[in-house]
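Asker: Chains E and H, in that order, give the protein sequences.
Reminder that position 266 of the first sequence reads as 266 in my numbering, one-by-one numbering, no gaps.
Reminder that position 343 of the second sequence reads as 343 in my numbering, one-by-one numbering, no gaps.
Because the hints were derived from the structure by calculation, they are not lab data.
Any given hint could be a false lead.
Below 30 Å or equal to it, Euclidean Cα-Cα: the simulated BS3-like pairs (lysine-lysine) are [said to hold, decoys possible]:
id : chain 1 : residue 1 : chain 2 : residue 2
1  : E       : Lys32     : E       : Lys126
2  : E       : Lys255    : E       : Lys139
3  : E       : Lys398    : E       : Lys27
4  : H       : Lys32     : H       : Lys126
5  : H       : Lys398    : H       : Lys32
6  : E       : Lys139    : E       : Lys126
7  : H       : Lys351    : E       : Lys27
8  : H       : Lys139    : H       : Lys27
9  : E       : Lys255    : E       : Lys215
10 : H       : Lys27     : E       : Lys351
11 : E       : Lys351    : H       : Lys126
12 : E       : Lys32     : E       : Lys351
13 : H       : Lys398    : E       : Lys126
14 : H       : Lys126    : H       : Lys27
15 : H       : Lys398    : E       : Lys398
Pulled a few chain E residues facing chain H out of the computed Cβ check, cut under 8 Å [claimed, not checked]:
id : residue
16 : Asn52
17 : Ala53
18 : Ala82
19 : Gly119
20 : Pro123
21 : Asn186
22 : Asp223
23 : Leu252
24 : Phe253
Over 12 Å on every C-beta distance to chain E, these chain H residues come out as not near it, computed from the model [what the hints assert, rightly or not]:
id : residue
25 : Arg98
26 : Ser227
27 : Lys309
28 : Leu334
29 : Glu371
Each residue gets a CB set at the ideal place from its N, CA and C atoms; glycine is no exception.
Protein chains: 2
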Amino acid sequence: MAVGLGPLPVLHPVPGFELGIASAGIKRPGRKDVVVMRCAEGARVAGVTTTNAFCAAPVLITRERLGGEVRYLLTNTGNANAGTGADGLARARSACARLAELAGVSESAVLPFSTGVIGEPLPVEKIEAALPAALADLKEDNWALAAEGIMTTDTLPKGASRRFSHDGVTVTVTGTSKGAGMIRPNMATMLGYIATDVAVAQSVLQDLVRDAANKSFNRITIDGDTSTNDCCMLVATGRAALPEITEASGELFGKLRQAVFEVFMDIAQAIVRDGEGATKFVTVQVNGGGNHQECLDVAYAVAHSPLIKTALFASDPNWGRILAAVGYAGVPQLDVGLIDVFLGDVCIASKGARAASYTEAQGAEVMAREEIGIRIELGRGDASETIWTTDLSHEYVKINAEYRT
Amino acid sequence: MAVGLGPLPVLHPVPGFELGIASAGIKRPGRKDVVVMRCAEGARVAGVTTTNAFCAAPVLITRERLGGEVRYLLTNTGNANAGTGADGLARARSACARLAELAGVSESAVLPFSTGVIGEPLPVEKIEAALPAALADLKEDNWALAAEGIMTTDTLPKGASRRFSHDGVTVTVTGTSKGAGMIRPNMATMLGYIATDVAVAQSVLQDLVRDAANKSFNRITIDGDTSTNDCCMLVATGRAALPEITEASGELFGKLRQAVFEVFMDIAQAIVRDGEGATKFVTVQVNGGGNHQECLDVAYAVAHSPLIKTALFASDPNWGRILAAVGYAGVPQLDVGLIDVFLGDVCIASKGARAASYTEAQGAEVMAREEIGIRIELGRGDASETIWTTDLSHEYVKINAEYRT
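Start from the sequences, fold in the hints, and give me the full structure.
Answerer: Take a look at the structure:
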């Protein structure tokens with residue numbers, strides 16, 4: 001049911017970044033469920049992780065090791081290793097130690113990532129048994145298979161790639177993400193891996209991943225549920241024959257930033273397009289806010305309202321529900337008499353009430369589309385924010401009622 | 001699909017409070033959709049109204065008139081008269097003026113209430129035409145028909161009644177409510193009307209309605225959507241042969257408070273039991289919080305999670321989703337190592353991880369029930385809060401996708 005999400009685009013290999021895929025049979029036999037990514041020696045890895053207090057064991061370990069030398073990213077699907085306490089930490093450490101041993105690196109150079117059902121013990125023996133096959137499979141041209149290997153309830157693999165040229169050298173930025181439910185990333189995403197071959201200093205890379213995630217993964221929501229396992233990693237292998245970027249300025253940084261932001265946005269929006277049961281891809285733009293937070297509060301109130309989401313599913317221009325959500329979003333001293341609401345280009349409410357020009361036929365025409373824009377003008381200031389979300393369909397209920405069966 | 005909600009109990013008449021029902025044909029011909037309530041001369045009326053900034057025209061008028069002499073409450077279903085601007089205000093005032101004229105009272109003695117679709121013009125002529133029939137129908141023993149007359153997507157009428165004796169005099173408290181969707185009252189409820197025949201001073205009555213609503217209507221949620229039209233009114237007719245209650249203390253006040261709280265709780269929980277598509281009645285109790293707000297934040301995060309709600313619908317003890325919601329509820333410095341989670345009496349998570357004693361069969365047994373308790377022990381302090389909610393079913397999506405068709 002993915003909305004406007006086609007087959008994977010060409011995912012250019014990133015020199016110095018290899019991916020290997022294997023089947024550990026964690027949830028189902030034969031499914032590709034273990035992905036190992038290898039970063040070239042000297043590569044820098046930055047990342048952001050979930051703000052969920054119940055974060056998973058692998059997230060705790062990844063946080064601890066980020067900033068040091070990182071050589072391997074180890075991902076499993078089918079089990080989130082969250083809500084598993086000290087035993088979960090021990091299992092995650094064990095898998096990392098085994099990979100480190102096989103690869104001849106220190107244990108702290110391995111970052112673990114897990115996704116899947118929460119609260120079950122991680123089948124660490126199965127994962128460890130699959131590691132040799134994943135290592136043997138490592139190659140730079142393996143993004144497409146890795147994108148499949150990290151999927152859970154996703155119906156399609158997700159990836160994006162950009163290339164630009166600088167001083168005659170081609171630079172590549174390629175990324176993949178997974179996620180379709182329990183999606184309201186907060187300082188991170190479900191799982192996202194993005195690599196570039198340009199060299200970037202650690203602090204610059206860390207700021208870049210934070211800023212890019214803030215404008216992409218942190219602006220999407222499917223069901224409002226922030227996951228225990230969100231992680232988004234940005235790797236700079238330094239294999240391009242260009243000087244290291246040591247400051248967030250200059251032409252090369254500008255080009256890289258642009259490419260990174262585009263890749264982040266593509267793979268973040270891909271998660272929404274593949275949202276569980278999604279039949280609509282919805283852009284909620286809030287302009288004229290007194291500050292960014294109140295724009296986000298209004299946008300998320302609209303994006304999380306089950307009443308608006310079911311109306312979107314039904315292609316019903318029941319715009320009164322949008323007004324109601326704006327009204328309860330908690331914006332202080334909101335003057336509803338200044339508010340305009342647009343569905344696509346159609347003004348449905350003007351100065352807080354139904355627009356004189358509005359006809360139901362206009363609203364119905366916009367709502368019938370697969371990609372729908374909701375624009376709210378608050379008339380209070382200059383701040384704007386945009387987020388992306390889905391509708392709420394029968395299929396969403398079905399998927400999540402039957403998730404463990 | 002109402003959960004544990006049977007036919008109306010006996011609703012004792014309240015001397016000095018009459019109800020009359022009529023059909024105006026607002027949404028469908030023949031449907032009872034106008035209810036007039038008459039308060040005896042000298043009655044006091046207190047109330048709380050929605051905090052939604054986009055509140056409806058009748059809410060604005062009711063707020064303006066509350067505190068003055070109130071003699072009539074005029075309710076229509078089928079149209080919320082919200083998002084209707086100045087024209088909506090004029091229409092609501094017109095209906096009140098017509099009722100005042102027919103009844104021979106001042107216009108400001110009439111409070112209007114509307115519920116139904118948002119953003120459509122109120123068909124005020126139809127309502128005005130139905131007023132003579134509603135007035136002719138006024139009688140004290142008409143609560144059951146009024147409870148039906150205020151229904152919208154409700155499948156069953158809602159009401160509760162208590163009697164107590166004081167100094168040989170029988171005192172009655174009776175109430176009715178409506179609501180099944182767009183339910184997360186905030187300082188009010190969808191629509192609730194409660195009357196007693198004891199005399200209560202205005203300020204005491206206002207505090208009582210606020211406190212009772214806070215512990216009942218303001219502790220329920222179905223879809224997290226705070227309505228534009230929430231109103232809850234408490235009427236004291238003063239017809240009981242007892243001295244006026246002028247302070248929030250003493251034996252008579254204590255008995256009244258108890259009866260009022262019980263009636264509020266019954267009719268608030270009835271809204272949840274009749275929640276759109278509800279197949280479960282869920283109590284979420286959070287204990288051991290550092291303060292009340294953090295208990296509420298955790299409780300609402302659990303109650304609003306579409307993932308938990310679909311698991312409840314599926315009777316699937318997917319308790320990891322509960323941990324995830326606790327984790328993203330925004331409690332500062334939450335130590336997950338102190339948290340216990342219970343499903344009914346079964347400890348599913350202890351000290352932040354799966355309880356050693358827990359078996360899937362235990363969880364499945366609790367989840368199969370119609371009435372389910374989720375208890376979360378935060379281990380941070382002494383504050384507790386309890387709220388009530390429903391599951392999220394296919395039927396919810398169906399009802400709200402087809403609401404206007």
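Asker: At a threshold of 8 Å, is the proposed contact between Asn52/E and chain H supported by beta-carbon distances?
Answerer: With a minimum Cβ separation of about 4 Å from chain H (threshold 8 Å), the hint on Asn52/E holds.
Asker: Between Lys139/H and Lys27/H, does the CA-CA distance stay at or below 30 Å?
Answerer: holds (25 Å)
Asker: Are Lys351/E and Lys126/H close enough, with their CA atoms no more than 30 Å apart?
Answerer: Answer holds: Lys351/E to Lys126/H is near 27 Å, not above 30 Å.
Asker: Is the interface hint for Asp223/E satisfied, with its Cβ closer than 8 Å to some Cβ of chain H?
Answerer: holds (4 Å)
Asker: Would the pair Lys398/H and Lys32/H pass a check requiring their Cα atoms to be no farther apart than 30 Å?
Answerer: Answer holds: Lys398/H to Lys32/H is near 24 Å, not above 30 Å.
Asker: Between the alpha carbons of Lys139/E and Lys126/E, is the straight-line distance 30 Å or under?
Answerer: holds (23 Å)
Asker: CA of Lys398/H to CA of Lys126/E, is that 30 Å or under?
Answerer: With Cα atoms ~42 Å apart, Lys398/H and Lys126/E exceed 30 Å; violated.
Asker: Going straight from one Cα to the other, do Lys398/H and Lys398/E come out at no more than 30 Å?
Answerer: With a Cα-Cα distance of about 13 Å, the restraint between Lys398/H and Lys398/E holds, given a limit of 30 Å.
Asker: Closer than 8 Å between Cβ atoms is the bar; does Gly119/E clear it against chain H? Give me holds or violated.
Answerer: holds (4 Å)
Asker: Are Lys398/E and Lys27/E close enough, with their CA atoms no more than 30 Å apart?
Answerer: Distance of about 19 Å is within 30 Å: holds.
Asker: Given Pro123/E as an interface hint, is its Cβ closer than 8 Å to any Cβ of chain H?
Answerer: violated (15 Å)
Asker: Within a Cα-Cα threshold of 30 Å, do Lys32/E and Lys351/E meet the stated pairing?
Answerer: It is violated: about 54 Å lies between the C-alpha atoms, which goes past 30 Å.
Hint check: violations occur at hints 12, 13, 20, 23, 24, 26, 27, 28; the rest are consistent with the structure.
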